[in-house]
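Novice: Can you make the complete structure from the sequences, with help from the hints?
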Amino acid sequence: MMTAQASSTPTPLNIIIHPQSLFSILDHTLRRNEGQERVIGTLLGQRSEDGTEIEIRSAFAVPHIESAAQVEIDMEYHKTMYNLYHKANPKEILVGWYATSLELNAFSALIQNFYSSVSDGTYPYPAVHLTMQVDPSSDISIRTYISTNAGVLPDKISESCLFVPVPNELRYSESERSGLELVASAKNNESRETSIIGDIGNLEKSIEEVISMVDRVSAYVASVQDGTRPGNAAIGKFLLSNLSLAPKIDSDELEKLFNSHLQDILLVVYLSNTIKTQMQLFNSLKRTAVIS
Amino acid sequence: MAFPVTVLPELTTPVYSVVIDSGVLLKLTRHTSESFPATACGLILGLDANSVLQVAHAFPFPPSESSGASGSEDASAPRSKANVRYQADMIRLLKEVNIEANPVGYYISSYLGGFFNQALVDNLVSLQATNPNSIVLVHDVTRSSQSSVSLKAYRLSVQFLATNKASGGKFSSEAVVKNNLTYLDILEELPISIKNSHLGTALLHHLDSPTFTRKDDPTSFVSTSALAPNFDSLDLSIDPYLEKNVEFLLESVDDYYAEQGTFNYFQRQLAREQSKIQQWIQKTRSENALRERANLPTVSEEDWQKHFKLPTEPSRLDNLLISAQIDQYCKQIEEYSSVVSSKMFAIQNSLDN
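The listed protein sequences derive, respectively, from chains A and B. Read in order, the letters of the first sequence are residues 1 to 292 in my numbering. Read in order, the letters of the second sequence are residues 293 to 645 in my numbering.
Rather than coming from a laboratory, the hints here were simulated on the basis of the structure. The beta carbon of each residue, even a glycine, is placed where N, CA and C say it ideally should be. A few of these clues could be false.
Stated by the list, open to error - No more than 27 Å apart at the CA atoms, straight line, and that leaves these computed lysine-lysine pairs for DSS-like:
#1 K623/B with K536/B
#2 K462/B with K276/A
#3 K635/B with K256/A
#4 K87/A with K387/B
#5 K635/B with K205/A
#6 K205/A with K444/B
#7 K536/B with K635/B
#8 K470/B with K601/B
#9 K536/B with K444/B
#10 K286/A with K470/B
#11 K286/A with K457/B
#12 K635/B with K444/B
#13 K536/B with K276/A
#14 K91/A with K387/B
#15 K568/B with K286/A
#16 K276/A with K635/B
#17 K575/B with K598/B
#18 K373/B with K87/A
#19 K387/B with K79/A
Stated by the list, open to error - One-sided and incomplete, this derived list gives chain B residues near chain A with beta-carbon spacing under 10 Å:
#20 K319
#21 R322
#22 V389
#23 I486
#24 L491
#25 I618
#26 Q624
#27 V632
Specialist: Spelled out as structure tokens, the structure:
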């Protein structure tokens with residue numbers, strides 16, 4: 001069982017990925033030069049206080065040339081780009097790098113060592129390496145690793161390291177969620193396009209989804225009652241507890257509440273309509289005043 | 293919706309719609325929602341071809357250094373010197389990784405629709421001078437947190453640009469009337485659609501598949517897929533949003549009246565000066581009559597310009613902007629109320645049954 005050499009620095013136990021970084025990586029893959037098998041770039045993000053959680057928030061591409069014998073990365077580019085990004089988002093720091101093929105070879109070790117180096121790497125924290133398989137023939141899989149030194153020979157230590165897989169999960173904030181939902185609504189379309197739907201459209205969609213969910217549940221309950229399907233006690237209890245959450249209020253009270261709520265809205269709408277009409281009146285008066 | 297008719301003087305073909313890449317949308321929404329409530333600003337890059345503006349990339353501008361910067365300072369970020377340098381550096385680097393780094397506009401975040409200000413106009417005027425198809429993408433953070441993403445693309449209308457040129461930036465009343473510019477015509481809106489790349493679609497399918505859920509806790513039946521539908525739009529509370537909106541609306545109305553006051557003041561000044569001029573002209577006329585009889589040189593009646601100075605007319609731009617802002621707030625209230633009233637009526641009906 002390999003233990004990390006620098007035992008005082010905590011190793012990340014969980015990596016959180018923001019979907020936006022994944023899309024950036026995919027975008028970079030699409031734009032790669034002819035003949036390049038995999039593309040490489042830098043990951044930026046935040047580290048939690050105790051170092052056990054790393055959040056990957058964005059990514060940018062770094063040009064690199066890879067041949068059978070050697071690999072070359074434009075480090076200057078990496079430094080300048082990192083500085084620019086850091087100016088725009090002071091909270092994001094270097095956390096690792098990514099590559100778009102699942103294999104881990106000697107070149108990966110070299111690059112990993114560069115990213116973990118003292119000068120402008122992630123020292124003393126280990127750099128995170130994210131690999132994403134973007135081969136169209138197979139499923140997209142995302143794996144994250146950190147490295148430890150598997151010391152074989154002292155002079156070859158820069159070329160060898162052991163990649164330890166770390167569990168990752170996808171997380172997003174509330175506002176990102178609606179953006180992601182919008183983007184995802186296009187995934188089943190032929191043209192991969194969707195337009196921005198307004199509030200009413202969104203409401204309609206949500207209501208339709210709720211109705212379909214309720215239909216599914218009621219069909220299930222009906223079939224259990226008929227005896228066509230075996231009932232599951234856990235599901236039954238869950239449904240019962242959820243349905244009993246509907247508040248028991250006197251219907252007159254409820255009606256009064258609703259009516260006052262509705263009146264508030266209608267009052268404000270009336271007010272705004274009045275203001276709008278007045279603006280338009282002013283506008284046309286102004287024009288006639290100038291002309292005359 | 294009727295597409296605006298744009299006639300551009302140069303060889304660029306006019307653009308009628310905007311296509312945004314999914315990665316750009318996510319980046320944009322994340323940046324604007326994170327810097328809430330400060331205004332966030334950034335540049336968008338892309339290509340305009342076939343009367344469609346494709347937005348392929350975007351990057352945020354660094355926040356302005358002065359602490360406690362007012363919203364207008366941040367909003368003028370695209371033109372500040374430091375940011376122009378930042379932009380040039382960024383574009384140079386992006387070109388190296390084959391990203392078509394052609395600026396086509398900029399994006400801003402807005403708090404409840406309050407983005408009609410001088411900075412917006414200045415930015416768009418300078419951007420559209422170089423590329424007539426430049427747009428501004430406005431992302432309303434408060435509305436997006438409730439329901440669907442509220443993103444709109446705007447461009448300064450032809451009438452506005454013509455008025456700006458005709459009056460040299462001063463927006464006098466005659467220029468405004470001659471170019472048929474009302475407050476509703478300042479900006480024209482372009483329809484937006486979101487496009488995913490093939491790999492992006494594959495990723496979305498992967499995120500949606502049930503194998504992706506990590507928390508397989510057998511007693512929980514809640515779906516934990518990353519793309520589970522969001523039911524926040526079914527929430528019934530209206531007060532915070534509506535209250536804020538009405539507050540802003542009333543503030544804008546106050547601003548409008550203040551601006552109106554200055555204009556009225558100018559008009560009164562003008563009237564006073566003109567009556568003084570008339571009096572002076574009458575006086576010189578009678579003096580001239582006397583002088584002719586005494587064979588002395590007459591004073592020309594046109595010389596009133598040497599003695600009196602007419603007050604300059606204030607720019608009508610503020611008035612236009614404030615009116616457009618008020619209109620925007622009213623529209624938002626109406627849209628919001630349509631959603632809420634349908635929810636209310638639906639619930640009332642279900643309760644009666």
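Novice: Are the hints correct? Go through all of them and say.
Specialist: Results of checking the hints against the structure:
no.: 1; hint: K623/B with K536/B; in the structure: holds (14 Å)
no.: 2; hint: K462/B with K276/A; in the structure: holds (26 Å)
no.: 3; hint: K635/B with K256/A; in the structure: holds (16 Å)
no.: 4; hint: K87/A with K387/B; in the structure: holds (20 Å)
no.: 5; hint: K635/B with K205/A; in the structure: holds (13 Å)
no.: 6; hint: K205/A with K444/B; in the structure: holds (21 Å)
no.: 7; hint: K536/B with K635/B; in the structure: holds (21 Å)
no.: 8; hint: K470/B with K601/B; in the structure: holds (26 Å)
no.: 9; hint: K536/B with K444/B; in the structure: holds (21 Å)
no.: 10; hint: K286/A with K470/B; in the structure: holds (13 Å)
no.: 11; hint: K286/A with K457/B; in the structure: holds (21 Å)
no.: 12; hint: K635/B with K444/B; in the structure: holds (25 Å)
no.: 13; hint: K536/B with K276/A; in the structure: holds (18 Å)
no.: 14; hint: K91/A with K387/B; in the structure: holds (26 Å)
no.: 15; hint: K568/B with K286/A; in the structure: holds (25 Å)
no.: 16; hint: K276/A with K635/B; in the structure: holds (25 Å)
no.: 17; hint: K575/B with K598/B; in the structure: holds (15 Å)
no.: 18; hint: K373/B with K87/A; in the structure: holds (15 Å)
no.: 19; hint: K387/B with K79/A; in the structure: holds (16 Å)
no.: 20; hint: K319; in the structure: holds (6 Å)
no.: 21; hint: R322; in the structure: holds (6 Å)
no.: 22; hint: V389; in the structure: holds (4 Å)
no.: 23; hint: I486; in the structure: holds (5 Å)
no.: 24; hint: L491; in the structure: holds (4 Å)
no.: 25; hint: I618; in the structure: holds (6 Å)
no.: 26; hint: Q624; in the structure: holds (9 Å)
no.: 27; hint: V632; in the structure: holds (5 Å)
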